[in-house]
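With the hints as your guide, set chain H onto chain C.
Quick mapping for you: the protein sequence lines, in order, are chains C and H.
Quick note: the first sequence uses the numbering used here, first residue 5, plus one each step.
Quick note: the second sequence uses the numbering used here, first residue 27, plus one each step.
If you are wondering where the hints come from, they were derived from the structure by calculation, not from laboratory data.
Remember, predicted model here, so these are calculated numbers, not experimental data.
Just so you know, even glycine gets a beta-carbon here, dropped at the ideal spot from N, CA and C.
A couple of the hints might just be wrong.
Unchecked claim - Derived SDA-like pairs (lysine to any residue); straight-line CA-CA distance at most 20 Å:
{"id": "1", "chain 1": "C", "residue 1": "Lys-245", "chain 2": "C", "residue 2": "Pro-276"}
{"id": "2", "chain 1": "C", "residue 1": "Lys-172", "chain 2": "H", "residue 2": "Asn-121"}
{"id": "3", "chain 1": "H", "residue 1": "Lys-145", "chain 2": "C", "residue 2": "Ala-62"}
{"id": "4", "chain 1": "H", "residue 1": "Lys-118", "chain 2": "C", "residue 2": "Ala-406"}
{"id": "5", "chain 1": "C", "residue 1": "Lys-362", "chain 2": "H", "residue 2": "Arg-135"}
{"id": "6", "chain 1": "H", "residue 1": "Lys-29", "chain 2": "H", "residue 2": "Glu-179"}
{"id": "7", "chain 1": "C", "residue 1": "Lys-415", "chain 2": "H", "residue 2": "Phe-82"}
{"id": "8", "chain 1": "C", "residue 1": "Lys-60", "chain 2": "H", "residue 2": "Pro-143"}
{"id": "9", "chain 1": "H", "residue 1": "Lys-145", "chain 2": "C", "residue 2": "Phe-334"}
{"id": "10", "chain 1": "C", "residue 1": "Lys-172", "chain 2": "H", "residue 2": "Lys-146"}
{"id": "11", "chain 1": "H", "residue 1": "Lys-118", "chain 2": "C", "residue 2": "Glu-59"}
{"id": "12", "chain 1": "H", "residue 1": "Lys-118", "chain 2": "C", "residue 2": "Leu-418"}
{"id": "13", "chain 1": "C", "residue 1": "Lys-415", "chain 2": "H", "residue 2": "Gly-39"}
{"id": "14", "chain 1": "H", "residue 1": "Lys-29", "chain 2": "H", "residue 2": "His-88"}
{"id": "15", "chain 1": "C", "residue 1": "Lys-415", "chain 2": "H", "residue 2": "Ala-214"}
{"id": "16", "chain 1": "H", "residue 1": "Lys-118", "chain 2": "C", "residue 2": "Asn-209"}
{"id": "17", "chain 1": "H", "residue 1": "Lys-223", "chain 2": "C", "residue 2": "Ala-406"}
{"id": "18", "chain 1": "H", "residue 1": "Lys-118", "chain 2": "C", "residue 2": "Arg-45"}
{"id": "19", "chain 1": "H", "residue 1": "Lys-146", "chain 2": "C", "residue 2": "Asn-209"}
{"id": "20", "chain 1": "C", "residue 1": "Lys-182", "chain 2": "C", "residue 2": "Gly-233"}
{"id": "21", "chain 1": "H", "residue 1": "Lys-217", "chain 2": "C", "residue 2": "Leu-418"}
{"id": "22", "chain 1": "C", "residue 1": "Lys-415", "chain 2": "H", "residue 2": "Ser-173"}
{"id": "23", "chain 1": "H", "residue 1": "Lys-216", "chain 2": "C", "residue 2": "Ser-350"}
{"id": "24", "chain 1": "C", "residue 1": "Lys-415", "chain 2": "H", "residue 2": "Pro-143"}
{"id": "25", "chain 1": "C", "residue 1": "Lys-404", "chain 2": "H", "residue 2": "Phe-131"}
{"id": "26", "chain 1": "C", "residue 1": "Lys-415", "chain 2": "H", "residue 2": "His-88"}
{"id": "27", "chain 1": "C", "residue 1": "Lys-245", "chain 2": "C", "residue 2": "Asn-329"}
{"id": "28", "chain 1": "H", "residue 1": "Lys-118", "chain 2": "C", "residue 2": "Ala-62"}
{"id": "29", "chain 1": "C", "residue 1": "Lys-415", "chain 2": "H", "residue 2": "Cys-89"}
{"id": "30", "chain 1": "H", "residue 1": "Lys-146", "chain 2": "C", "residue 2": "Arg-223"}
{"id": "31", "chain 1": "H", "residue 1": "Lys-118", "chain 2": "C", "residue 2": "Gly-54"}
What the hints assert, rightly or not - Over 10 Å on every C-beta distance to chain C, these chain H residues come out as not near it, computed from the model:
{"id": "32", "residue": "Arg-135"}
{"id": "33", "residue": "Ile-140"}
{"id": "34", "residue": "Phe-178"}
{"id": "35", "residue": "Leu-185"}
{"id": "36", "residue": "Lys-188"}
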Amino acid sequence: MNYIIIGNGIAGIQAAETIRQMDSESGITMIGDETFSPYCRPMISLVLEGAIPPEKLAIRGEDFYEKLHIEPVLGNRVTNIDVADRQVIIDHRPKGGRKTCFSFDKLLIASGADARPIKAEGLNLKNIFYMRGRSDVLEMMETLAKAKSALVLGGGLVGFKAAYGMMKRGLEVTMLIKSGYPLSMQVDEPAGNLILKELVRHGLNVRVGAEVSSFEGDRHVTGAHLSDGSVIRCDMVVIGKGVLPSLSVVPRDRIKVDLGIMVDEHLETTSPGIYAAGDVAEYVDIARKTPWVNAIWPEAVNQGKLAGMNMAGRSVAYKGSLSRNVIRIFDMDVMTCGLVHPQDDSDHQVISEINPRKNLYRKLVFKNDTLVGMVMVNQIDQGGLFAALIQSETPIRIPKEAMLSPVFNYKQLL
Amino acid sequence: MKKVVVHPERCVGCMQCMVACATAHSRSGELFSAICEIPLPKPRIHVGVGLYGEGFPNRCRHCDPAPCMLACLPGAIYRNADFDTVMIDPDKCINCASCAMACPFGVIRYHEDIFAPMKKVVAVKCDNCIGRQAKGLIPACVEVCKSNALTFETSAEALKRKTNEVARTVSAEAGITAAAPGFNLLNAIKKTQNQLKAN
Numbered sequence: 005m006n007y008i009i010i011g012n013g014i015a016g017i018q019a020a021e022t023i024r025q026m027d028s029e030s031g032i033t034m035i036g037d038e039t040f041s042p043y044c045r046p047m048i049s050l051v052l053e054g055a056i057p058p059e060k061l062a063i064r065g066e067d068f069y070e071k072l073h074i075e076p077v078l079g080n081r082v083t084n085i086d087v088a089d090r091q092v093i094i095d096h097r098p099k100g101g102r103k104t105c106f107s108f109d110k111l112l113i114a115s116g117a118d119a120r121p122i123k124a125e126g127l128n129l130k131n132i133f134y135m136r137g138r139s140d141v142l143e144m145m146e147t148l149a150k151a152k153s154a155l156v157l158g159g160g161l162v163g164f165k166a167a168y169g170m171m172k173r174g175l176e177v178t179m180l181i182k183s184g185y186p187l188s189m190q191v192d193e194p195a196g197n198l199i200l201k202e203l204v205r206h207g208l209n210v211r212v213g214a215e216v217s218s219f220e221g222d223r224h225v226t227g228a229h230l231s232d233g234s235v236i237r238c239d240m241v242v243i244g245k246g247v248l249p250s251l252s253v254v255p256r257d258r259i260k261v262d263l264g265i266m267v268d269e270h271l272e273t274t275s276p277g278i279y280a281a282g283d284v285a286e287y288v289d290i291a292r293k294t295p296w297v298n299a300i301w302p303e304a305v306n307q308g309k310l311a312g313m314n315m316a317g318r319s320v321a322y323k324g325s326l327s328r329n330v331i332r333i334f335d336m337d338v339m340t341c342g343l344v345h346p347q348d349d350s351d352h353q354v355i356s357e358i359n360p361r362k363n364l365y366r367k368l369v370f371k372n373d374t375l376v377g378m379v380m381v382n383q384i385d386q387g388g389l390f391a392a393l394i395q396s397e398t399p400i401r402i403p404k405e406a407m408l409s410p411v412f413n414y415k416q417l418l
Numbered sequence: 027m028k029k030v031v032v033h034p035e036r037c038v039g040c041m042q043c044m045v046a047c048a049t050a051h052s053r054s055g056e057l058f059s060a061i062c063e064i065p066l067p068k069p070r071i072h073v074g075v076g077l078y079g080e081g082f083p084n085r086c087r088h089c090d091p092a093p094c095m096l097a098c099l100p101g102a103i104y105r106n107a108d109f110d111t112v113m114i115d116p117d118k119c120i121n122c123a124s125c126a127m128a129c130p131f132g133v134i135r136y137h138e139d140i141f142a143p144m145k146k147v148v149a150v151k152c153d154n155c156i157g158r159q160a161k162g163l164i165p166a167c168v169e170v171c172k173s174n175a176l177t178f179e180t181s182a183e184a185l186k187r188k189t190n191e192v193a194r195t196v197s198a199e200a201g202i203t204a205a206a207p208g209f210n211l212l213n214a215i216k217k218t219q220n221q222l223k224a225n
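Excised from the complex, chain C in its bound form (with noise of 0.2 Å):
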């Protein structure tokens, strides 16, 4: 059997140790385009920070691939899957190689997802970064300590991070949001609040409801222009306008591609023995009941190793995708999980409670008797619990308000 892994991310890794556990065998390569061994992504907004230092990052040794017998082939990007004759084509031989194509029985893609392209004029001015990847962040280091101050284009969980580490580094940063308020993917309009208010506190400058047309600059950017027409001045940009599957090599007439791949509950894709795990994968979302791609590291982490198993013969099936995140801002701390804007209609009902002298909020949604989502902002140590009842779906048997109190505890659900 030859197994075939497309990118090296956390749901390849999780994927690979997953078949070399249950099969010692046969032959396993996984193709890559970062040269580095394996890293932590979510942490690179650390190193931003200077939290860490960028060594830290690495997840596995450098002699993961040696320890597991993989063929690594790193610094190459898949130009072609060609699924008739089950080979997957590179751009060119890699270092020590010989090949440019190589064949599969099964294959996984797991080629996760890129930054999201914005369009303004002047986006080729150096030292307007999309924060994705490591090397992107080591980028954005050289140019922290010349820069005074920064603007960053969004208010998603990226550009959060971004505008988060570069404050932390002294750092004038103006965060220009299209909606209302930060986060609003993840949160709802009160704790958005709270968190906009817990950042501005802390000196970031916030441009609501405003987008870049153009930027200035000689070389090097120096402004930018806004929709409305005013100018703001910086000298580095970040662009945190979320992420979309990395799909250009996937061939869509014989793999069936939405917004992601679609694959089904044992991560299969509609061409059998061909996989798809991680940010690139969509599947059904157990609070939304819908088809779903959550671009969310702990997803990545069950589909590449559920994918692993169902790859190496065990059948395991997958039961959905939740979305969830956990974020610290200064000292505050926002949890979210599955459905936070929901329809208004009489199966929903929401139940929240807040306190803005001590910055607390709670916010429950359900749908009939079964919990799907919820928001907290502070006191978040029952958080998991929360996230496993919407997991499993479990009809809630109690007063709803008394999981709003903070001392709620599962002993309560019993």
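Just chain H, lined up with the frame of chain C:
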């Protein structure tokens, strides 16, 4: 291998386990000096309250596979095979709270700790007192528990005891009586009082 078994129905909510746990994880190991230590030692076991005011000792279950371990970004959570214990490496921990989002029991807390670098906030949870166990002692929470809500026994022993309890419901001779049979009554009284208050 002996493990801590939690019997929530027997907890009276005295919280002595919390004090014992914090003391066991202090620098001095003595209660009276531990309360003066900086950082203040904190418990890894948390006595919560049920819907009717019953006590509920909540501690890490050392799941296998452990969801926190899979969710940990820097790979700071690992399993100590000798004691079958899920551990957190405070040097590697980045205090991202990913484990809080993964733990279905809600037992992980974040604070400074004597086992972590100075001034660093890290994820902290039960370590099954492996330091004490290595010295031949039993976990501090079990040692101090007066109502047998926490016991330290092998799974076979625990299973046997449960089997006997079930057997007793059909045959009075099937085993000795429970150590403290009054808990059902106590919890029923608490529940009734609570309902009366609510009406």
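Hint by hint, which ones does this structure get wrong, listed from lowest number up?
1, 3, 4, 12, 16, 19, 23, 24, 30, 32
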